[in-house]
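J.: The lines below spell out each chain.
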Amino acid sequence: MSTRMFQRRAAAAIVALTAFALIQPTTAQTPVYGGHFRRALSSDPANLDPALTNTSRAIAVKMNIFDPLLRQNPRTLELEPGAAESWSVSQDGKVLTFRLRRGIRFHHGREMTADDVKYSIERILTPELGSPFIRTFDRVVGAQQFTAKQAREVSGIRVLDPYRIQITNSVVDSTFPLSFGSLYIVPKDEAERLGRDFGQRPVGSGPFMFVSWSRDDSLLLRSNPNYWEGRPYISALEFRIIPDPATAQAEFDTGRLDFMLLSDATYRRYAEDDRWKAMVIEVAELFTRHLGLNTQKPPLNDVRVRQAINHAIDKATTVRTILQGKAVVATGVFPPSLNAYSRTLRGYDYNPQRARELLTQAGFPNGFEMDLNGSSSPVTGRWLEALQGYLTAVGIRARIVQADFGVVLDRANKGEVMSYVLSVGGGSNCVNWLGPFRSRNFGAAGNRMFYKNDRVDALIDQAERTFDSRRQIQLCQEAERLIVADAPWFFWNYNKAALVHQPNVHGIIGNPLEMDWIRMDKVWIQPRR
Amino acid sequence: MPRGIWGFIARRLLLAVPVFVGVTVVTFALMQIVPGDPVALLMEEKMATIDPAAARIIRAKWGLDDPVPIQYLKFLRNAVRGDLGISYRTDRDVTTSILERVPATAKLAAAALVLAILIGVSMGIVAALRQNTFFDSASIMLATVGVSIPNFWLGLLLIYLLAVEWRWLPPSGYGPPYPYLIMPAVTLGTGLSAVIARLTRSSMLEVIRQDYVRTARAKGLPDRRVIMTHALRNAAIPIVTVVGVQMSGLLSGAVITERVFSWPGVGRLLLDSISVRDLPMVQGCVLFIATIFIALNLLVDLSYAALDPRIKYE
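The listed protein sequences correspond, in order, to chains A and B. Quick note: the first sequence uses the numbering used here, first residue 12, plus one each step. Quick note: the second sequence uses the numbering used here, first residue -13, plus one each step.
Bound conformation, chain B alone (with noise of 0.2 Å):
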């Protein structure tokens, strides 16, 4: 293990502190900046009115009432002690409602990595070692389409082909990998594979001319381990840079995807909780995706040194 890397980490998570106060005060300024009164959004949702009394003990009962600094306080006290509240909408504890959804969110973001990362790292290699070729142009026109598709249109597309004409998958649900999981982590996983393929091709390309891949090459090494080894490990430090960042993407909520095919995760949780002012949710959730972010760029800041010895943590 690299030298100073636990200093590095007890920094980083250090580090980690302000940023989390940070959102909590950027979400819950905004939750209070947009207008609308969740409230009002939770009792008049078909009838259209709101009968004042019983919104003045439903506030209280939330502690709405109290000065906005005093309730944000109130908040803070409460998630430094691992209570981040109840919900309003559904009046469960907001840490079991998102952990609940966890697995649903973990396994979409797994299967939609790996395919991408399979896909997509395969097609940007042979795309820079076939350069200029058909296989290139057409793995590039490929990555290009595989990124302006919307999630939406994809999904549903498939949805229709799979589903409804040829009825090979069901249409939505969630259930065991085979056969609920393949149509949304192929949904999620295409533009991201597309992203992944340009990245190792323009990664690759620049490495492949290195003196060093030129060395192993005249070494008489062979063609697949000069790639694999020399050329792929080097190239491959965007890559996980960007697939890193995709991940937390991916983590905090494909919100279109899981939308599309009735997926039950972070995303749909926390578009909901959105939609009816549902602050403590909006909170958990919005911190939830925060620790997500905060652990994955640490890990990949962490996989450099395992990637290129020659970085070191000071």
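Excised from the complex, chain A in its bound form (with noise of 0.2 Å):
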């Protein structure tokens, strides 16, 4: 064959083997690139700075610009490499070393190194930053008197070269790692060229890059083409910002938004129907839905009596019903989602009689008189409701209170209230779930129901400090049952968390740690036909 012939057929075979692949149809699993992804926010993110913001909504938008040192596996919920490729831990636990990838760039190009992370440490402690996450590294060795401006540099934190750098905190914290979960890595040079602007016009080295952000409308990001981990498929991300669940439901309804969270209204709308139920992802997210019992009020301050509230609720029918079956009774503190979740813990059954029993034997035969607090919303309106029935049946009289969530809060923190509803998480380890049971954080530190079991603030205070995470797992269980045991709380269901996709969306993996939290560069949409 001469070489012309060669190249013809050649040639030929080359636009024919194109052809084909032009019209074969691109299967479900092989991702595709492009496309503008269009996802929901319920108000606005406020604020992009990593340093400055905690809410969901922001941390839903920032998780997409930002690299964290370390993540978090939704699927395991293991700390696994982020901006860090490895990690190591002293063998006293105070000195944790990090190595980072070598070859990260910024989004205005410059490469990511430790000295980046250092400052991303420092510009948290800054105090004039009014930083929420302060309390989350002051505990590094010189943490404090560079806070209170005695020391110019964290001592603690020491950059090995430009790729390590070594962390030591001042005591033994088996949490301390997970901090780097949430430590999103800024760079020195833009952060402090643009001030207070870089939460407006954030600039980081994560799959996808600021483009603009009309407030309270939109905020559009597009992706990094130079992303570490490869760039996303998707080539545009917006978020929108819509603040009605009815018109977020009338825009996924009409193709406007990609996916959306479901509402314990809206999910038996879409797991119900064979159109939808396939394209619905649960997760039994990390919160805990209860009653919580002011043990210092009288008559709460009797367990008896506490515990009769436990037996007096049926909670797999509120939960059937008025959760629309959004949920997972609680048998405890810890769901199913989390390490520390214990099957052989049962809880408390349904049993009005024992409730009136254990009211009887508190002196309360005739029951009492108590309030039930909760936010103003229609829906906490019908648990309340809900709740209210049950504990009528068995005597108590309880008055429901509603009141924006901040006063109720408010009134909770100051021990002003008898019992309040409340939903809430304590991320991946079980002893920061406890927090909420120490002494030590009466009020707004999260011990509302002003609990104090000496045993439980113990058995916490040495799984704060146990690295052996099968050990820390038995201690968190101790301290449930006891917690259990004592009624705090009524303990009453874990909230799961749904979200419905477009069919032609794929690749989201649900997050446990909340809902939201949803990494945008393995998501792909496969083109409509």
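Treat the hints with care, as some may be off.
[What the hints assert, rightly or not] SDA-like cross-link-like pairs, simulated, lysine to any residue; straight-line CA separation at most 20 Å:
id, chain 1, residue 1, chain 2, residue 2
1, B, Lys47, A, Ala159
2, A, Lys160, B, Ala46
3, A, Lys425, B, Asp122
4, A, Lys425, B, Ile19
Simulated from the structure, these hints should not be mistaken for laboratory data. No experiment lies behind these values; they were computed from the predicted model shown.
Please dock the two separately framed chains into a single complex, following the hints provided.
T.: Structure, rendered in structure tokens:
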């Protein structure tokens, strides 16, 4: 075969192959590049400076713009490499050494170094910034002197070389490495140049780059072609600010949103619809909904009364009816997604007869009066009415008090209310979950039940100092058993978070930490034909 | 221009100063009285816990550890210099945040008002001229329905029909007037058009029985001219007063309509700021609203002279 003939046949073969490839439908398993992805946020993220924002909406955006030093795997909840490719903990548990990946570039082109990591922590500790995360790092050696302006830098943070950094904590705290899962690295030069504007025009190293932000309307990002983990599949990511859930549903139904979080009211409509149920993603979210019981207000200071309340309410029925099945009945503090969840913990069964007996033993055969506090949303109103009905059946005359969420929280923090409905979480570590039961955390620090049990305190302290995760879980579970017996909460349910996506959307992994926190660089859209 | 008008304007502007001070004092006092700590609300949104050390630092940053009167005086001093402060929630300049929402608010208010005037005035005139006919009864009924329909319900109904069922318009969002402004403007304008229709009807009924209207007719003027020039102009004063007040309301934020249609206006900004006790932003929004009210009331008063030459400003 002559060279020319070979070239012709080769060219024909290439054309034929290309044509064949073009007419072949792309399988659902083969990611496709391109597309404009639209998702909703219930309110404006307000600020995108990683050191300033802790709202779930802002995190949903900033996790796509910035890289954290470490990441939490949404499936296993284990820490895994982020901007740091590896890390180690010293034998005494106080010194953490991180090795950064080489070649991570910020969106303005400069390479990330250990100096940026040091700066990101010191920035959080700068009092003028007013970061809500200041407590996260204030036990690093020298942090308090730095915050008090007695030192120009934090002595416990040492840059070993451009890619290695060592951080020394002053105490042994097994939860400390988790702090680096939310430490987003900012470029020192850009953060200093932009000052306060950095939160409005963020520059990170993440898979998406900031483009524009029309407040209360939409926020646009575009894919970072040089992302160290590979270019994201979608080319543009738009967050639309849609405060009304009914409007968000209309936007989704008309195909103008690529996914939507499901509320109690909308969950069944999609989860039980044959057309949509394959597109519903559910996770047992790391939040426990409960009725906090003020253990210092009589008659709730009697453990039998609190236990009676736990027996009085039919959790399974409330979950099935008012929560539309979008929850799991709670038996204790830890939800099923947490590694410390105990399958053997039985909790309290629905037993109104036992509730009446306990009330009689406590000296309240005719019941008593109490208030049931909750936010002013209609949903909370329905919850409170359900609880009120069950309590009335055992003789407890509960009065519903609904107010603005801030008001309820403020009054609960000050110990002014007898009970309040709230949903709290503690991330992926059981020690953080037990924070609201520590006696040192009375009031706004989380213990709004003003609950105190010295044994529980000791167990939590011990668990905090334990790096052996199996032992730590045992200690947490022991504390949980005591807490359940003391019943400072009515342990109601673990929330199930759910979303529904369009049929041509792929790659979404539900995150039990918060359903809104989805790694968008792994998501792709199948073009519609 | 009527005599004494500049003096009148100057006096009204001077009177605005105590109004502004009063408004800020009341807002400041209310925000102090209402339970709910801004630091706690911003910090513990999801985790429902607050770290006292971090709270102390944030309080110091915002000057919340000063005594309340000092906080107010500092605000007043800065406000006089045109500096309304920095939002606790966004860490951005309050004035900029409000000003960037004004175009959205103004567009929605103007569209709703134009719609309301066109529908309301024409319906009111025709109802008055055809008093006690089917059209009159129908317009009264429509006006009653229009006033009674809650905005959120009408908004959601329009979204369901026009966007979800028929796919004629996008459900929500902020963009070019067509197609984005139509549903919010109709939602907001419906209630107002009903108010204007009823007012125009009663005002016209009063005027068309006056001697000068009969005289105009007796002179042989065409009916259209009698209605538009002689009757409507005299009937317009109460309508203008109501439209002025309603316009102030529209500009200060149609919170519900803005929320239903995801419209980025001042109303939503104010509501979100109140919910997290973002005092500088709440103060800024309230001052903006007060300014709108004062300016529109002044304009309404000035328009009386244009409508009725007998009115003099002294």
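J.: Each hint should be assessed against the structure and marked as holding or not.
T.: Checked hints:
1. Lys47/B with Ala159/A: Given that 20 Å is the threshold and the Cα spacing comes to 14 Å, the pair holds.
2. Lys160/A with Ala46/B: holds (15 Å)
3. Lys425/A with Asp122/B: violated (60 Å)
4. Lys425/A with Ile19/B: Within the cut-off at roughly 15 Å; holds.
Of the numbered hints given earlier, the model fails hint 3 alone.
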